[in-house]
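*Asks:* Both chains are sitting in their own frames, so use the hints and assemble them into the complex.
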Amino acid sequence: MEIMSLVVTGLSIASILLLVALGLAIIYGVTGVINLAHGELVMIGAYCAWAMQSFFGLGLLASLPLIFLATALLGWIIDRVVIRHLYDRPLDTILATWGIGVMAQQAVRLLAGGELRYVEMPEAMNHPVSLLGVEIPIFRIFILGLAVALFAFTWYLIFRTTLGLKLRAITQSREIASCFGVNSNRIYGLTFAYGAGLAGLAGAVVSPLKSVAPEMGTTYVVDAFMVVVLGGVESLIGSVASAFIIGQSSSAVAFYANDTIAKALVLLFIVILIRFRPQGLFAAKVRS
Amino acid sequence: MRNRDLIQYLTYGGVCLIILLLPVFVQDAFLLNKSARYLVLGILAVSLSLSWGYTGILNLGQATAFGLGSYCMAMALKLRTIPIHTGAEGLPDFMVWNNVEKLPWFWEPFYSMPFAIVAGIAVPVLIAAGLGWFMFRGRVTGVYVAIITLAFLVVVNLLFIDQQRFTGGFNGITDLAQLDLLGFTFDAYGASSYYLIAICLTFCLFFALLVTKSKAGLILQAIRDHENRVRYFGYDVARYKIFAVSVSAAIAGVAGMLYTIVMEFASPTFMGVQLSLSVVIWCAVGGRQSLLGSMLGAILVAGMQGALSESETFLDTWTLVMGLVFVLVVLFLPKGLAGAAETLMGRLFRTSGHPSKTAATTQGEAPARPAASRPT
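So the protein lines, in turn, are chains D and W.
Sequential numbering of the first sequence, starting at 2, is according to this note's numbering.
Sequential numbering of the second sequence, starting at 1213, is according to this note's numbering.
Bound-form chain W, shown alone (with noise of 0.2 Å):
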């Protein structure tokens, strides 16, 4: 198992180096952000796979937390525009246009960077954390995991968009300054964000893994396969589930809040219910149960989204060739591309002789699910 661990950890290291070394050979300012906007969406990916490949929680409502990190961020860049854009008394320009006297309280803190960096985290960990202590107390599970988070994120962006005075409504928050921090200028078309996209990234997806690998990650693992038969043993269900839900959102919070430096704006659209389940197909396709499969299933997926709609021909088609590749993926494979690899790879040593690596690798394999998880 050793052995098969240290594996796993090049191939990560290898693919995060790859992606840190991308603008040595990518000059073009306009390729580096698109890049840089794919890997935002990977993290975001990375968070799902978190919650849904190794926990078993369909979190159809990721996007909730990717979009309260992301206005977390813009609330603080707005408040840093220059005046030009702003009311008197720097008051943010939507705010004048509704009317708004006096900075709400909640935006004050927002002055401070280090506050709203602390928040673009924090904010959506609480909410996550609250959400799966109302689901996971009361031994919500499956289906009705997702109906409730989905309800939960059409609630919070119906929100965002009602208090058009607070949150700028349909239009999001535009017009950002751009991010200053430890001396440097994250311009968004410049390599400077890329990297720093490329390293929050890194940083993500080893914490991703190292969770799994902990001894509460494999719990979280016995929780998706055989929930009561972990509870019969004593652990306490909902709080590791919790927990999961917790570090995913965490994750996506920081995938927000990069997402708003990349963008220079943000929109209810990123709460949206079209973004959050499209992050669930990104990691069926990439495969769930892979963080690095999931990351790569958004960034291959996404990628290959924006490159197709830009080309006249594909523009009108693309949406209906994803839904299909999307159908077969989940009807042929369920463990999406990485499981697809695994098999290829455990078949390769079985031929050179490991027939225990073969066995370690269909242990992660989708549980049949007992008929009895149907609401009757």
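If we strip away everything but chain D, and leave its shape as in the complex, we get (with noise of 0.2 Å):
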């Protein structure tokens, strides 16, 4: 009976953690930038999520299109104005999207204030059910619901339209897709914006679960970015079997020691998993 709980504790965690990855995925993927505001992007939607029930009294479900559309066009704007001129720096992303995200950080502080912010569960879904033997919450499971479905669109996007075709191409070769007349910029935006939008989607969904906080973004960036180091960076199936194995085992090993010991083990174990196989666990072979 313990194990199972532990299963779906760590099912639970790596649905959340997959819901954030994938957007980070993406954009790494395809346009390799290190995009660091990417937890201030699950910051803004989580925010979103508090303003749409504060202000317009509209429930978190009917609230997550719009959330989605505005962090995308945010996503977009951020792609224009700054990573746009970046492409061909890469390690000069990471310090662009870190400034970026000490802005909207800092900005969504002055605009919604410092305290915590509580966004309400559906009422429909605060109802516990029973799985594995194990009583969790609908919530949870729509959650987990969410992320599949959200996985299994960016899957077909990707290898199923015109649209994921060019983005492929584009991450292969940028300039010889350019030859044959992809727009990478365009693409780029758009896969900016697309990664951006999930990424709000993601802040909106755990904010019923977790207190909304401008800091709230900083833990989830890291643990994204193990998930898709661990996955490898052009996997999407990879990214989630490692969202999987990175919720499991926090979940183990938080119950065997603490939180703190069970987070220092899954870092390190990425570190040494960093040096010998820099691709990642499920890295298919590419020619490069």
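Derived from the structure by calculation, the hints contain no laboratory data.
Note that the coordinates shown come from a computational prediction; the quantities given were computed from them, not determined experimentally.
Hints should not be assumed to be uniformly reliable.
Stated by the list, open to error - A few chain W residues facing chain D, derived, Cβ under 10 Å:
1. A1363
2. V1485
3. L1540
Where a beta carbon is used, it is the ideal one built from N, C-alpha and C, also for glycine.
*Replies:* What follows is the structure in structure tokens.
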């Protein structure tokens, strides 16, 4: 029984991780930009959920599409104004996006105040149900479902649409894709917007589970990075697997030791992994 | 080139002289303490400039070395506090609160101040060299170095917070004695501490400058500009990189020790992600490919932050402005203020008929990083 509860906790952590990491994985995989502002986009998504609820009385579910659009637009603007100029300086994107993150954090603090905010869980989803013999709220299952659905949608987008084809072409070689008439600037902008939108969604759905604060993004960005690095940059399936592995191992180690040690051990494991398999655990062989 | 070196030495010496003379004009103890604090951060920036600006290793965990140095000094000073702050048998107070009965073995040697000072340099160097060996022997480069060093910093930070019994946890090590060395007492608010820090700063700055002027320093810069080409020449790139991070960690360790002296405590925030990324900002703003630029960048940014956050009106907007300035610097001044100054100097030289000088100034230009450095 105890093991089942660990597994379910792990699944819940993993689904949140996957939601946050999916946007990051796409941005990093396609454009090579290390987006340190990703956590802030998550945070902004959470604040949008809070604002929708307290100013317009919109429920969380109803506001999800709006939040996606709003954060996607923000991501597109960030890409057009700043990131676009840095595509051939990947290390500098770390610095620039971190600066953007700092600005976003402070802007939110000025607009919404520094105190913790709370978002209500949709009422219909507050009841516990039994999963694998463990009682958890329906909302957790909703998050799991949403993570899987968004993953499936992203997969479809990348592997079954023209946009995805262009995107994959750019990933392999930007120059040659451009020679064939692919507008890489536009695709980059769209990718960034889509990734940002996903981050916003992730922030919105986790907002009822945790308190919303301007600093909340920092922890997410680190975790999301670890998922992406562990899974392999260009492997979507890898992100799922690594979210699952990190989620389960955090929950297991946290059970036997404590949260801090769990986090430190997971990080150490990832450091060692990068050293020996920088392409990630599940990367397909790509000619480069 | 000789002439250019001389100008550089003179500029560096001039700035150090101004710093050393400051207490003559500033008597206010509080202000002196604050200036000393910014100088320490300047030393930290010099250390990052050496590894990031000169070798191209973006070490996002520079605060690891800084924090370790700081804790080494704090441990030694904690053991010298008057008994009122410590438990029975000179046990530090936080250990008493955490039911530690005997001084842990690794605290014992810190009764000796020389040991603590050596440890404050040696521990960061060993850890940096170990991590460097681990990374560079496996030819980890670019973004992955940044991720590994950052992750490692977080691990060390978490461990220090978690091991409350030995490190004081969140609170760090507080209530420290004043440093007593060679007959001097270094009061954090006195001129003595300021001089100590200013002298250490001068020493570190010139030490780093000499390293960059040495043959090894030239190879480090060559590695930054084109790593593989250096490897084809037969140089052991990994060894040089390990050397760079070790020297950098030594300087950061010194800065950490000084920071404890001037702040009168050690805290996990000294090895926090926030500080570590701030160092990167300072170097970027000041100009990472110039030791002096990085140092002045740190003093300028940290000083402005200190001054503006004291006034009510700027308290909130400061961070916003800082973020904006940083993004603008990354976008438009990839070589920072020092780079801008150098370009300006180059223009002046050209008008007075020294075309060779401008050629010399452009040699360190940031190379257009090849798209291949992307992990594909």
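*Asks:* Can you give the numbers of the hints that this structure goes against, from lowest to highest?
*Replies:* Structure breaks no hint.
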